[in-house]
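Chains as they are written, first to last, in our numbering: chain A, 48 to 342; chain B, 7 to 554; chain C, 5 to 533; chain D, 85 to 404.
These aren't lab readings, by the way, just hints derived from the structure by calculation. The structure presented is a predicted model; accordingly, all values stated were derived computationally and were not measured. Each residue gets a CB set at the ideal place from its N, CA and C atoms; glycine is no exception. Be aware that one or more of the hints could be misleading.
[What the hints assert, rightly or not] Using 30 Å as the maximum straight-line C-alpha spacing, the simulated DSS-like pairs for lysine-lysine come out as follows:
hint, chain 1, residue 1, chain 2, residue 2
1, D, LYS174, B, LYS203
2, D, LYS174, B, LYS229
3, D, LYS133, B, LYS363
4, C, LYS339, C, LYS356
5, C, LYS418, C, LYS396
6, C, LYS199, C, LYS256
7, D, LYS174, B, LYS241
[To be verified] In silico contact screen, one side only, chain A against chain C (beta carbon under 7 Å); selected entries:
hint, residue
8, GLN231
9, LEU240
10, ASN255
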Amino acid sequence: MSTETLAEIARAERGTSLWADAWLRLRRNKLALIGFAVLSLFVVIALLTPWIAPYSYQAQNLELGASPPSAQHWLGTDIFGRDLLTQILYGGRISLAVGFVATAVALLIGVTWGAIAGYAGGRVDAVMMRLVDILYALPFMIFIVLLTVVFGRNLLLLFLAIGAVEWLTMARIMRGQIQSLRQQEFVEAAISLGLSPATLIRRHLVPNALGPIIVYTTLTIPSVMLLEAFLSFLGLGVQPPQTSWGLLISYGAETMEEYPWLLVFPGLALTLTLFCLNFLGDGLRDALDVRGARD
Amino acid sequence: MPSALFSALPAVAIALLLSACGTGESNVVSGNRDGILHYGNGSEPQGLDPHVVTGIPENHIVRALFEGLAVKNPYTLEPEPGVARSWDISDDGRVITFHINPRARWSNGDAMSAHDYVWSWQRLLSPAMGAEYNYMLFPVKNARAFASGDITDFAEVGVKALDDLTLQVTLTERTPYFLQLMDHYSTFAVHRPTVEKFGGATNRFTRWTRVENMVSNGAFRLKEWLLNRRIVVEKSATYWDRDRVRLNGVVYYPTENVVSEERMFRVGQLHYTQSVPLDKIPVYRQMPDSPYVQAPYLGTYYFLLNTTRPPLDDVRVRRALSLAVDRDKLNDTVLMGTVVSAYSITPPDTLGYYPPKLFGHDAQRARELLAQAGYPGGAGWPGLELTYNTSEDHRKIAVALQQMWQDTLDIEVSLANQEWKVYLDSVTQMHFQVARRGWIGDYVDPNNFLDLFLTGGGNNNTGFADPRYDELILEQAPRAATRRERFAIFHAAETRLMQQMPIIPIYTYTSKHLIHPSVRGMPSNLMDSLNLKYVWLDRQWQADGGGG
Amino acid sequence: MALLQVEDLAVSFVTRNGINTAVDGVSFTVETGRITAIIGESGSGKSVACYSLLGLVPRPPGRIDGGRALFEGRDLLQMKETALRRIRGRDIAMIFQDPMTCLNPYMSIGRQLMEPLRYHHRVSRQAARARALELLAEVGIRDPAATIDNFPHQFSGGMRQRVMIAMALINEPRLLIADEPTTALDVTIQAQILKLIAELQRRRNIGVIFISHDLAVVADIADTIVVMQRGRVVERGEGEEIFQCARHPYTKKLLAAIPSGSKAPRTEPAEPLIRVRNLCTWFAPGRGAAPVKAVDDVSFDIQRGEVLGLVGESGSGKSTIGRSILRLVPVTSGKIDFDGIDLTALRGRELKRMRRRMQMIFQDPFASLNPRMTVYDTLAEPLLLHGIHSRKHVAQGVLRLMDDVGLARAFVRKYPHEFSGGQRQRIAIGRALATRPEFIVADEPVSALDVTIQAQILELLQALGREYGLTMLFVSHDLAVVRHLADRILVLYRGEVVERGSGDELFERPQQAYTRQLLQSIPGATRGF
Amino acid sequence: MAGRRRGRLSVWRFITLRLLQAIPVILVVITATFFLVRIAPGGPFDSEKPVTREVRAALEAQYRLDLPLHRQYLSYLGDLARGDLGPSFKYSGRSVNELIAAGFPVTAELGLYALLVALVVGGGAGIIAALKPHTAQDYLPMSAAMIGICMPSFLLGPLLVLVFGIHLDWLPVSGWGDISGDKVLPSITLGAAYAAYIARLGRAGMLEVLHQDYIRTARAKGLPQWQVVLKHGLRGGLLPVVAFLGPAFAGLLAGSFVVETIFQIPGLGRFYVQAAFNRDYTMILGTTVFLSVLIVLFNLLSDILAAWMNPRLRAQYGRH
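Produce the entire structure from the sequences given, and follow the hints as far as they go.
Okay, structure coming up:
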């Protein structure tokens, strides 16, 4: 009955304790913290790009053309003589936004869909998952081409289109997780308390299924960034002179022999992001797995 | 046994790798020895029926398998005898009589006759056939009426077999380029018994072009056709001029990806590439004994301007945009000096025709024009969208132009790339403001370029409508008595066109190939036209390093 | 010379939070032909001590700090891994606690059986198979020829443990280490396995280390008993000595924990709270297949304030009855009347209201608590859900519940995995009591716990039952436990009630053969615990 | 014995049931695709040089596009029921059946090799990493796996060609079955991303399994570490990989386009993507139907394989 305990309880009441705890545990994981710090740095840089970029992202210097890294252009220039560092900075804005927002869309749809299907089971599950099968099988390109025609081109649409594609796998993973959790006694205990299915899914099932979802999410973000480049080719993505890491990499791949720096630096940016995401994802998974925190 | 499977995997993987060792003799080496040309053909042909197909890769193969009445000399592009040994042209230029070479044979040994042509041309023009290139024969009297179903009796069409070896063609009016058309695959003859045996004259779904069925009349015959892998032709034993054919065969590869094609060339898998990646050109240019071959090509790269919508309904805006483009700089930098700056639609030296040059790069004048149109210094500019179909090179040009307009005129232009069919749809529906376009001539004549911009023409796509222009092209030019007179009329028309600037010409195309130094008899020409009869491989050629 | 002589064994675990001494100066001996029992509760170091002998403690984090373990004169602790491997499974074999998880589910039992023989003695496949068949028959597997190629999941728990034993014995080891080999089994099966181990040991004249948390279990078979607490040996003696005159308080506690005695008969007037009539709960395994009749035509009443014991072995349908009443599984037919309300007819909101009045305590306190919710969240959830406390005052309610179930308040922010099994079961009880229910189904609430903890939890349940005026359905496979707690007992066999009566009635005058068998299976029954 | 036989029969029931369930899925896919492609802008006969109205009408008549849409749909379904996927719009005189028959074996072979590469490299890396978690032996292969995941094949393919095809001159730069060894680089390129996924899945699965009680049992038998891992750990550890294989293989077939283009491989992937670009209606439909049937089949196959590898699941399906 000490006042300490009461204070502790008062603290416990604030916010969802699982996430607060996860944050505490995450702070102890050095790799995850580095990942988080670097990603945050990327985001901050992306936000500040218009002020810190050394050059204008569209100003060309055709006479200069593609030049290797130099004192003026730290990472070199592209065939239009544009500063590559500036391109990467601006590309990061698009890529990070696409990566995070589209993945968030996919996460939202996929987790909800998979959780409902997995929890409901039976006919509802069958119908919902058959719908996923159908969407898997539809010709993706025709779908994207139609999107461009019906909605015109804008970034928001791009996010939705990518999210609409990527959620399918997410839903499958989630459903599998929920199905196995569904058999556990603590779910029965929650039912016997009289919890509604929605609350039960939200409070008891989803937090326990997050591990694989987080890992898959960290893998999805970079692949979404590359998918964005592909959609740009179909006319849905960003339009020049705007650019993204995915586009820079695909341009760079074409000229990897002549101008290797055009591939290496954007590739590094993406790889670095990937690694940081991965460290953060693994860290987050471990942090959310309260059991693993014993040792 | 899954565990057995898993333990077998490494062994399989190692076997896979071992089988790889040593890439052996390259295609170029073996080809030079055996007289086989390895040819990068760009893509898988959609078919081999001369009356069905429409593309360039198809053209290459069909012209190896078949031969027209007259063929182009690869050096001069002038017609020379093909299936027809000779021809007579009447004084008014309207009646042409072809004399079929009595030695001309189908590959099954059947003799060729004038009737083959009458039947084949009827096939091409039959409305049910839906041949997309049927307009190639429209200069022939009543051909257009027959094709559109207005007349149904083919006897009324100006094609007659006077006897087995004499074909008489009557034209509506003098058509100086008609003989050239005889080298276009749509006017080739097909073997009637074969076509009818496998489905009938106008059936598009037959198997007559398959290796086992195909009967053709060209210097080569079809030997192997593996989808998306290769098409092999071998020297024909029945071809009338077989003694002059020095190649024993050609292997066509569907080299869709230009970068991959270049790599195949580099390791000696190809003698000839269909194109060259832009960024690789400087490297190849610097090589001694360079395999890089570049030549002017009968085509123009330009931008369509939609003259029906503001701000492009104002000719001053259109001219300002055109004048602001520094074509030479574009060519020297982004395009690596691989093209020729163009200031009009017709390529220069189209059989002696030179288009007018009314303007050049003039930033000052461009700004003045824009100011006159009401946008001084870009003020009040409503914005403009430039549409292009997805392609690395189109993107580069669009990005460069966007910046040139920004720098010179201080105006905002946004870019929109579209997937090919969407882009085609946008262009035909005129759902664009500025759109990238290219035109490759079907035959060497200014008419082929200038009739694009006739009022309401299917390829106009700009809203450009000038009755005087129409009159010059449709009425006056055909009646011109001499080539010089005719060209003068074209020049006047083209001047009108470029004054009103419904298009922004950018450059004249060039053909760009990598050709192995051992390949001989393959001259560059304006049509990028290849006559395999002239080609041979130098067995003596030895490279110090192999492939090149 | 002793078969195995362990002297001053010390093992510790190096973790991020410091060094944990698990075994601290333990000595014991095992003689050929005798059974040495090591008794202690979870965490007493009894298993670690034995695993470290065979190098089965993962190193790191495990570390052997000192001591000797002479097996036939050679020090196991000094041996290289390869030398140790030749002893493992050949001279010293092991049986583990949970036969469900200790057999490879992807391999037929035949292959698993033959493996040690083929590996250590390079015996041909045919010979190994013949030997495996012999052993399977010896450990009491019916028709070994037909079942040798089956997979573990096709066997019941008892049968799997027999397979484990056969596997351990196939190389004719001289020392057998049995780590809680019967803890995961029903009492009836437990009795059989104990008998089997004792028999095999006598027949082969080998040494056995028998590790258990339950003195009663080893009472009949152990020759020597070593009692361990917190990594140290606190008492040792010949079997009889310990039972007659235990000196150490811990040993006394262990002895006292063995449930015994009947509950005093009830005096309150009978007034049924729950009437179950003709309850059938069948599971359809698939279209067309015959349904599994988990519960078949069962009728009984539970009086207000009564504890009704439900006894039966795994698969008898006893848990299904509890779950049927709570509407956790769909009822096939029959009627369940709760205080005049027909439970089978309830839907949605009404059902939710009803759930407040009846709760459940589950068998496995590891599985029944959401691993990602703190004690606070777990206990606050029902309070908030049923509006028992407002969000503002819920903390007080949670604290009071923790007091009630005997959990220190300081633990309020901890997660389930940070607690021992007994503490976890206290949380689960707290959760069940949170809604102030009238009726509780306790489904084997103590069978996963050490005996000492078992006694504490039973006591807690009894106390809370009185305090809250609970009516309880107590489900267990262990008659002794039920007798200790229940006013009346139903004996269930294959979905049907075979006998009913008060504890004393059943113990003294069992009518059915099955009930008698259950009685005889109670460990230490002959000793009269 | 009787029980076993009943189990067998039920497996067939299970397969039949799954196949029956697939029918409405495929029907919806066909219907949706049929109408989607027709809504998409641009048609099969659109080209840079537009055709005249008469020619277009003749072409549409030849391809039955002149019929009302619902009649086109019904006649397509009718043909499909007879196994006829119709004529290709792009490749005149060729049926879609013929094109698929030409492309599929190549793609299937490529997919199979890629899968082998993925299993050997990915599985191996995953197992090696799981044996000593949180050491260099874990971090190195896992970092490589991560790069593999984010390395798109349009980048990896050309890189491999440059190194092994051109600079080292060990392997051919393109082709399929023409020059010995020309299957190596495409298989590696296509398999790389999957190898990376398998490595991660395999590592997680192996780590999980190696903590199981029955691994301790195996060690108590005195088996050496490698036998413990290979004989007792592998099967359970690779189960998640097997579950991944079905969808992965279907994905390989649909996703082989880039690799087929880079290496000039005459496979189905190119047809599938080009059909969409060409608006080759019948070809889009045909490949989509074919692929969705494959997806259904491979998902079923991987379920069956997983069940076969896992006796407990085997029993579950037996009961279904």
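Legend entry - Hint consistency between LYS199(C) and LYS256(C) [alpha-carbon to alpha-carbon, up to 30 Å]: 26 Å, holds
Inset, instruction - For the pair we were handed, LYS174(D) and LYS203(B), check the Cα-Cα distance against 30 Å. - result: The hint holds at about 23 Å.
Inset, instruction - For the pair we were handed, LYS339(C) and LYS356(C), check the Cα-Cα distance against 30 Å. - result: 19 Å, holds
Legend entry - Given pair status - LYS241(B), LYS174(D), alpha carbons within 30 Å: 28 Å, holds
Inset, instruction - Take a quick look at whether LYS174(D) and LYS229(B) sit within 30 Å of each other, Cα to Cα. - result: Within the cut-off at roughly 22 Å; holds.
Legend entry - Status of the LEU240(A) interface restraint (C-beta, 7 Å, chain C): 5 Å, holds
Legend entry - 30 Å limit on alpha-carbon distance, applied to hinted pair LYS133(D) and LYS363(B): The given pair, whose Cα atoms are some 26 Å apart, holds under the 30 Å limit.
Inset, instruction - Let me know if the C-beta of GLN231(A) comes in closer than 7 Å to any C-beta of chain C, holds or violated. - result: At 6 Å from the nearest chain C Cβ, GLN231(A) passes the 7 Å test, so the hint holds.
Legend entry - Restraint outcome when ASN255(A) is required to lie within 7 Å of chain C by C-beta distance: For ASN255(A), the interface hint holds, since the closest Cβ of chain C sits about 6 Å away, which is under 7 Å.
Inset, instruction - Given the hint that LYS418(C) pairs with LYS396(C), test it: the Cα-Cα distance must not exceed 30 Å. - result: 21 Å, holds
Against the hints set out earlier in the document, no violation occurs for any number.
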